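A.B. asks: Next come the chains, spelled out residue by residue.
Number of protein chains: 2
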Amino acid sequence: MQVYRAPVKEMRFLLEAFGYEQVSNLEPFKDYDLETAAALLEQASSFSTEKMLPTNGVGDVEGLKWDAETGAVTTPTGFKEVYAALRDNGFIGITGDTEYGGGGAPETLGIAMGEMSSSCNKSLAMCPGLTRGLIEALEAWGSDEQKQYYLPNLISGTWSGTMCLTEPQCGTDLGLVRTKAEPDGDAYKVTGTKIWITFGEHDLTENIIHLVLARLPDAPEGIKGISTFLVPKFTADGKRNNVKCTGLEHKMGIKASPTCVIDMEEATGYLIGTPHKGMRTMFTMMNAARLHVGVEAISGAEIAYQTCLAFAKDRRQSRSLDKSKQDKSAPADNILVHPDVRRMVLNQKSTTEAMRGLAFWAAIQLDVSRHSTDEKAKQEASDLAALLTPIIKSYCTERGTANISEAIQVCGGSGYTTDWNIEQYYRDARITMIYEGTNHIQALDLVGRKLPMHNGRLVQLFAAKVTEMIRGSKEEPRMAEFIEPLKKISKILTEVTMELAGKGMADPEEVGAVASNYLNLFALTALGYVWCVQVKKALETDNAFNRAKLKTARYYFSNVLPEYESLVTLIRAGKAQMMAFDVEELETA
Amino acid sequence: MQVYRAPVKEMRFLLEAFGYEQVSNLEPFKDYDLETAAALLEQASSFSTEKMLPTNGVGDVEGLKWDAETGAVTTPTGFKEVYAALRDNGFIGITGDTEYGGGGAPETLGIAMGEMSSSCNKSLAMCPGLTRGLIEALEAWGSDEQKQYYLPNLISGTWSGTMCLTEPQCGTDLGLVRTKAEPDGDAYKVTGTKIWITFGEHDLTENIIHLVLARLPDAPEGIKGISTFLVPKFTADGKRNNVKCTGLEHKMGIKASPTCVIDMEEATGYLIGTPHKGMRTMFTMMNAARLHVGVEAISGAEIAYQTCLAFAKDRRQSRSLDKSKQDKSAPADNILVHPDVRRMVLNQKSTTEAMRGLAFWAAIQLDVSRHSTDEKAKQEASDLAALLTPIIKSYCTERGTANISEAIQVCGGSGYTTDWNIEQYYRDARITMIYEGTNHIQALDLVGRKLPMHNGRLVQLFAAKVTEMIRGSKEEPRMAEFIEPLKKISKILTEVTMELAGKGMADPEEVGAVASNYLNLFALTALGYVWCVQVKKALETDNAFNRAKLKTARYYFSNVLPEYESLVTLIRAGKAQMMAFDVEELETA
Numbered sequence: 084m085q086v087y088r089a090p091v092k093e094m095r096f097l098l099e100a101f102g103y104e105q106v107s108n109l110e111p112f113k114d115y116d117l118e119t120a121a122a123l124l125e126q127a128s129s130f131s132t133e134k135m136l137p138t139n140g141v142g143d144v145e146g147l148k149w150d151a152e153t154g155a156v157t158t159p160t161g162f163k164e165v166y167a168a169l170r171d172n173g174f175i176g177i178t179g180d181t182e183y184g185g186g187g188a189p190e191t192l193g194i195a196m197g198e199m200s201s202s203c204n205k206s207l208a209m210c211p212g213l214t215r216g217l218i219e220a221l222e223a224w225g226s227d228e229q230k231q232y233y234l235p236n237l238i239s240g241t242w243s244g245t246m247c248l249t250e251p252q253c254g255t256d257l258g259l260v261r262t263k264a265e266p267d268g269d270a271y272k273v274t275g276t277k278i279w280i281t282f283g284e285h286d287l288t289e290n291i292i293h294l295v296l297a298r299l300p301d302a303p304e305g306i307k308g309i310s311t312f313l314v315p316k317f318t319a320d321g322k323r324n325n326v327k328c329t330g331l332e333h334k335m336g337i338k339a340s341p342t343c344v345i346d347m348e349e350a351t352g353y354l355i356g357t358p359h360k361g362m363r364t365m366f367t368m369m370n371a372a373r374l375h376v377g378v379e380a381i382s383g384a385e386i387a388y389q390t391c392l393a394f395a396k397d398r399r400q401s402r403s404l405d406k407s408k409q410d411k412s413a414p415a416d417n418i419l420v421h422p423d424v425r426r427m428v429l430n431q432k433s434t435t436e437a438m439r440g441l442a443f444w445a446a447i448q449l450d451v452s453r454h455s456t457d458e459k460a461k462q463e464a465s466d467l468a469a470l471l472t473p474i475i476k477s478y479c480t481e482r483g484t485a486n487i488s489e490a491i492q493v494c495g496g497s498g499y500t501t502d503w504n505i506e507q508y509y510r511d512a513r514i515t516m517i518y519e520g521t522n523h524i525q526a527l528d529l530v531g532r533k534l535p536m537h538n539g540r541l542v543q544l545f546a547a548k549v550t551e552m553i554r555g556s557k558e559e560p561r562m563a564e565f566i567e568p569l570k571k572i573s574k575i576l577t578e579v580t581m582e583l584a585g586k587g588m589a590d591p592e593e594v595g596a597v598a599s600n601y602l603n604l605f606a607l608t609a610l611g612y613v614w615c616v617q618v619k620k621a622l623e624t625d626n627a628f629n630r631a632k633l634k635t636a637r638y639y640f641s642n643v644l645p646e647y648e649s650l651v652t653l654i655r656a657g658k659a660q661m662m663a664f665d666v667e668e669l670e671t672a
Numbered sequence: 084m085q086v087y088r089a090p091v092k093e094m095r096f097l098l099e100a101f102g103y104e105q106v107s108n109l110e111p112f113k114d115y116d117l118e119t120a121a122a123l124l125e126q127a128s129s130f131s132t133e134k135m136l137p138t139n140g141v142g143d144v145e146g147l148k149w150d151a152e153t154g155a156v157t158t159p160t161g162f163k164e165v166y167a168a169l170r171d172n173g174f175i176g177i178t179g180d181t182e183y184g185g186g187g188a189p190e191t192l193g194i195a196m197g198e199m200s201s202s203c204n205k206s207l208a209m210c211p212g213l214t215r216g217l218i219e220a221l222e223a224w225g226s227d228e229q230k231q232y233y234l235p236n237l238i239s240g241t242w243s244g245t246m247c248l249t250e251p252q253c254g255t256d257l258g259l260v261r262t263k264a265e266p267d268g269d270a271y272k273v274t275g276t277k278i279w280i281t282f283g284e285h286d287l288t289e290n291i292i293h294l295v296l297a298r299l300p301d302a303p304e305g306i307k308g309i310s311t312f313l314v315p316k317f318t319a320d321g322k323r324n325n326v327k328c329t330g331l332e333h334k335m336g337i338k339a340s341p342t343c344v345i346d347m348e349e350a351t352g353y354l355i356g357t358p359h360k361g362m363r364t365m366f367t368m369m370n371a372a373r374l375h376v377g378v379e380a381i382s383g384a385e386i387a388y389q390t391c392l393a394f395a396k397d398r399r400q401s402r403s404l405d406k407s408k409q410d411k412s413a414p415a416d417n418i419l420v421h422p423d424v425r426r427m428v429l430n431q432k433s434t435t436e437a438m439r440g441l442a443f444w445a446a447i448q449l450d451v452s453r454h455s456t457d458e459k460a461k462q463e464a465s466d467l468a469a470l471l472t473p474i475i476k477s478y479c480t481e482r483g484t485a486n487i488s489e490a491i492q493v494c495g496g497s498g499y500t501t502d503w504n505i506e507q508y509y510r511d512a513r514i515t516m517i518y519e520g521t522n523h524i525q526a527l528d529l530v531g532r533k534l535p536m537h538n539g540r541l542v543q544l545f546a547a548k549v550t551e552m553i554r555g556s557k558e559e560p561r562m563a564e565f566i567e568p569l570k571k572i573s574k575i576l577t578e579v580t581m582e583l584a585g586k587g588m589a590d591p592e593e594v595g596a597v598a599s600n601y602l603n604l605f606a607l608t609a610l611g612y613v614w615c616v617q618v619k620k621a622l623e624t625d626n627a628f629n630r631a632k633l634k635t636a637r638y639y640f641s642n643v644l645p646e647y648e649s650l651v652t653l654i655r656a657g658k659a660q661m662m663a664f665d666v667e668e669l670e671t672a
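Protein chains in written order, with my numbering: chain A, 84 to 672; chain B, 84 to 672.
Please note that the accuracy of each hint is not assured.
In silico lysine-lysine, DSBU-like type, Cα no more than 35 Å apart, as pairs [unchecked claim]:
#1 B:Lys411 with A:Lys411
#2 B:Lys586 with A:Lys570
#3 B:Lys113 with B:Lys148
#4 B:Lys459 with B:Lys408
#5 A:Lys360 with B:Lys360
#6 B:Lys570 with A:Lys571
#7 A:Lys148 with B:Lys571
#8 B:Lys334 with A:Lys571
#9 A:Lys307 with B:Lys619
#10 A:Lys360 with A:Lys396
#11 B:Lys411 with B:Lys307
#12 A:Lys408 with B:Lys148
#13 B:Lys411 with A:Lys396
#14 B:Lys263 with A:Lys396
#15 B:Lys586 with A:Lys148
#16 B:Lys163 with A:Lys586
#17 A:Lys272 with B:Lys570
#18 B:Lys334 with A:Lys148
#19 B:Lys148 with A:Lys163
#20 B:Lys586 with A:Lys408
#21 B:Lys557 with B:Lys574
#22 B:Lys557 with A:Lys263
#23 B:Lys619 with A:Lys411
#24 A:Lys360 with B:Lys263
#25 A:Lys360 with A:Lys411
#26 B:Lys113 with B:Lys459
#27 A:Lys574 with A:Lys461
#28 B:Lys396 with A:Lys411
From the derived model, a few chain B residues whose C-beta atoms are all more than 10 Å from chain A [to be verified]:
#29 Gly102
#30 Asp227
#31 Gln409
The set of hints was computed from the structure by calculation and includes no laboratory data.
Every value quoted in this text rests on a predicted model; they were computed, and no experiment measured them.
Beta carbons are placed, not taken as given, at the ideal position from N, Cα and C, and that holds for glycine.
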């Protein structure tokens, strides 16, 4: 049973709470005021629910067909039609530059619409998701000629994009890339094997443009010798390029999303960006992708939540422990009377709503950082987006997956069967902790890059936002119950950050050992801040929606935030007990 | 890639550490001294690895065939042969009574062998697992005639058993059972529909004996009106009984284990035990099953651990943060140099070894409780087994599943593919948190039944064991680092238990709200105790195995045990923020 209603009201609330007017006041977005934005979200909501959702289970069951001889990949029944409808509605290029036929919408709305698509069909939504990444890389690094040629086709969705990074010997460590690019006139001949290439081959678009990491003949070793190339499936003269899908991975989930082995044998490619500086191009694509991956996990958590709530509302089992709540007209009470069912439901609700808030906050910063004419606002927004991205990617994917597991638990045996689809959401979501940089890579990005960046400017900005919230709430006694725990955790976060900086200077392994737990501590603090922003907004008007917000925030502060206590102890424990082992001592005897 | 080596040395160590001689000194087990036990485990290890493991992935991919007309279920390729080999090796009835052809081995060894089978093919291992449950129910409640007729065939594995509890309207709440049994001479006519019936129909045995919960015509309402019946697929006269599999569930995992809808239409059944007292019969079967389910999750965690370690030992990616550990002969270092990989590996190792210790400790108590002639020893053992069973079922399934997820994370993208099989272990294990009583039902059993039982005698016994460990270690300075944290957590557990007892008397919902977290707090304490037992044993001799034990224990105390801190805060938060919501306020807007 598929249950989904896009959280449009919730999203509109978040847009207001996190200052969407900062975005709609920007010159390029003057056509996207709050009302227009809300109407667009309603439209995307209907589309996702009516068109995308019905194909989701079909895709999981049918999977993909791969022809060994031609390398062609056939998507499941209905995917072509739904993709065509996505394209014809202008959703694929909704955030693309109007100059190239895009919708010119803010990234914030792209993120919101992406959540809906991904809730309803994560596998299919990944195709335009990757295209958007390529569009961003082209906008940032493409030559004028490249933009003119590729962007209109990518933005319209006539073509799609991929990101070809991984090779058998190199995943996290891109310095090990071996794919080669030899100059050939104005172009290059690219040779190598790439793996884990999402939508590397499929039948949804007329052409597929691969963004490929490779080495030029004179490339220095390591990541300082990587360049990026555009390798199209069909070149401008209409010829089939020497790029072939030589296999598909068999995976636990996202079974309708082709994960391809891509072989290139002297394939024609075009340099994009500066020679040997390919990591910059790649990171343009990757940073946007990381935020989207966090949102994918939120999207899975959302549909799983709605599904388990629908199940729970219908299911009667055992009696309320509170006699006054027992329904004598039936042989058992609805399971929502049971405190533990409430606990599981609220663990999901209080974190999913906060994670979405965090993603919206970051998305708004992205738009401001790209388009503001106020240099200070631009820099602050850029700093915040950079700081929050690894947190969103790692924490939201970990918690989102855990939330889906909790949704299964609410449904008991039914949750484990295919009848309620939650088991698919669980399998589909598990990859989000791995791809676009494993969660630990995000933690190292946070601790090793973002914290020290500009002498701690990013983290100081975050601390300033928290302080501003605390100070600004002094006159509002109804904020006190939320501000007190925020104060406490942010004080501890500051202490732990200082301790870690000290330890890390003496021994970088100490940082590696605790970075993942540190990121989660940071995330719990950030979600606390995000809840305070929502509470502040909710206190403006007394209505049913806002009352539920306050209750959900209370649950977060009393029943989720305390997870930080153990994290602090684990962070302080450091690396000592991890590094003490010889490898043989890890073996089962 | 399938990687498995049964932890025989580890198991032998645990048998010694937890006092297996208490079992082998018992009259019925005098043939099973430690050496014989170790030899049997070696034999089971080879069997599991050589025969069962190769069919595991096959079963997952092929799944089951069901014939709608006849209701027949066909198991995957190779399952019949492996089952026959299990039977011919005498493994199915290894713990069965020798009087009926059983091996007469202690339950402790049954548990150990069960772990191996379940690591290597969880789906298949579930069939004899259920048969063993039925054997225990028959031994405890069957008439002499029933024992004579059923036990030899079940113990030999010629027939198999099921447990028919759930109906569409009743899972957790068995009081809602509607299946009816009408007297018919010496027998009964049983009519009703049962769902989620594991191995309810299959082609591995000549006959299938269903243990069915049903109501007699004069039954009182609720669970006080439930009786148990034996309903064979073929009756003694060789006739096909009116029991039919009318469908199979489609599940996330255990795809080779048939989960059947079983329709009975005036099927011939035989009362077992006392009329209306069927819950007692059911619980005999269920309690053993719950311990086995905990072990199933440990078994999944073990094979996943070994797999991710094999992957990690082979994989090179990035450089050690410690320059002295960098391998200059290769372009990257082995990933086990990275502290976070260590963290993930040791989270698994330090909990899996402790959980196995807990299960062995409980298993030894089961044997002593059943066969000791010393009344005090018998009662203490029975108390401990009763107390530890819900903890093992709930904590080990939750942590075991989390450990498998961590094993996937170590392998990155490879962990998400079918190539390394961990994704199957992850899907297969997820059900353990649900079946044989959801984990929250275990928590209610612990808090609502086991704690107050005999005025707190069970929990006082546990506390006495901990105190004995603390006192007995005073003279051993090398124990201090392990005893100190045990002291601390057990003191807090006592405090929290007292608080909860007080709160629960005033408002039972307060107990329901925190029971799951309380169970986890209890489990972390019990694992702390279990590690102290292992450390004490390991300190006897200085060798490589024992040194690794000490290091693993240290990791547990510094990097896992602190999880209790947050649990305590969550328990103290109570129900307040959960019960504040109206149902409509839970809806996504």
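A.B. asks: Given the hinted pair Lys360 of chain A and Lys360 of chain B, is their Cα-Cα distance within 35 Å?
C.D. replies: violated, 76 Å
A.B. asks: For Lys586 of chain B and Lys570 of chain A, compute the direct alpha-carbon distance and say whether it is at most 35 Å.
C.D. replies: Roughly 29 Å between the alpha carbons, so the hint for Lys586 of chain B and Lys570 of chain A holds.
A.B. asks: Just to be careful, I want the Cα atoms of Lys163 of chain B and Lys586 of chain A compared with a cutoff of 35 Å; is the pair within it?
C.D. replies: Outside the cut-off at roughly 59 Å; violated.
A.B. asks: Would you mind confirming whether the straight-line C-alpha gap from Lys574 of chain A to Lys461 of chain A stays at or under 35 Å?
C.D. replies: holds, 27 Å
A.B. asks: Just to be careful, I want the Cα atoms of Lys586 of chain B and Lys408 of chain A compared with a cutoff of 35 Å; is the pair within it?
C.D. replies: holds, 19 Å
A.B. asks: Are the Cα atoms of Lys360 of chain A and Lys411 of chain A separated by 35 Å or less?
C.D. replies: violated, 71 Å
A.B. asks: Between the alpha carbons of Lys411 of chain B and Lys307 of chain B, is the straight-line distance 35 Å or under?
C.D. replies: Violated, at about 72 Å.
A.B. asks: Verify the proposed pairing of Lys396 of chain B with Lys411 of chain A, using a straight-line Cα cut of 35 Å.
C.D. replies: violated, 61 Å
A.B. asks: Taken at face value, is the distance from the CA of Lys148 of chain B to the CA of Lys113 of chain B at most 35 Å?
C.D. replies: violated, 45 Å
A.B. asks: Measure nothing beyond the straight line between the CA atoms of Lys148 of chain A and Lys571 of chain B; if it is 35 Å or shorter, mark the hint as holding.
C.D. replies: Roughly 58 Å between the alpha carbons, so the hint for Lys148 of chain A and Lys571 of chain B is violated.
A.B. asks: So if I understand the rule, the pair passes when the alpha-carbon distance is 35 Å or less; does Lys272 of chain A with Lys570 of chain B pass?
C.D. replies: Not satisfied, since the Cα-Cα distance of roughly 67 Å exceeds 35 Å.
A.B. asks: When you check the alpha-carbon spacing of Lys113 of chain B and Lys459 of chain B, does it fall within 35 Å?
C.D. replies: Roughly 21 Å separates the two Cα atoms, so the pair holds.
The structure does not agree with the numbered hints 1, 3, 4, 5, 7, 8, 9, 10, 11, 12, 13, 15, 16, 17, 22, 23, 24, 25 and 28 stated previously, though it agrees with the rest.
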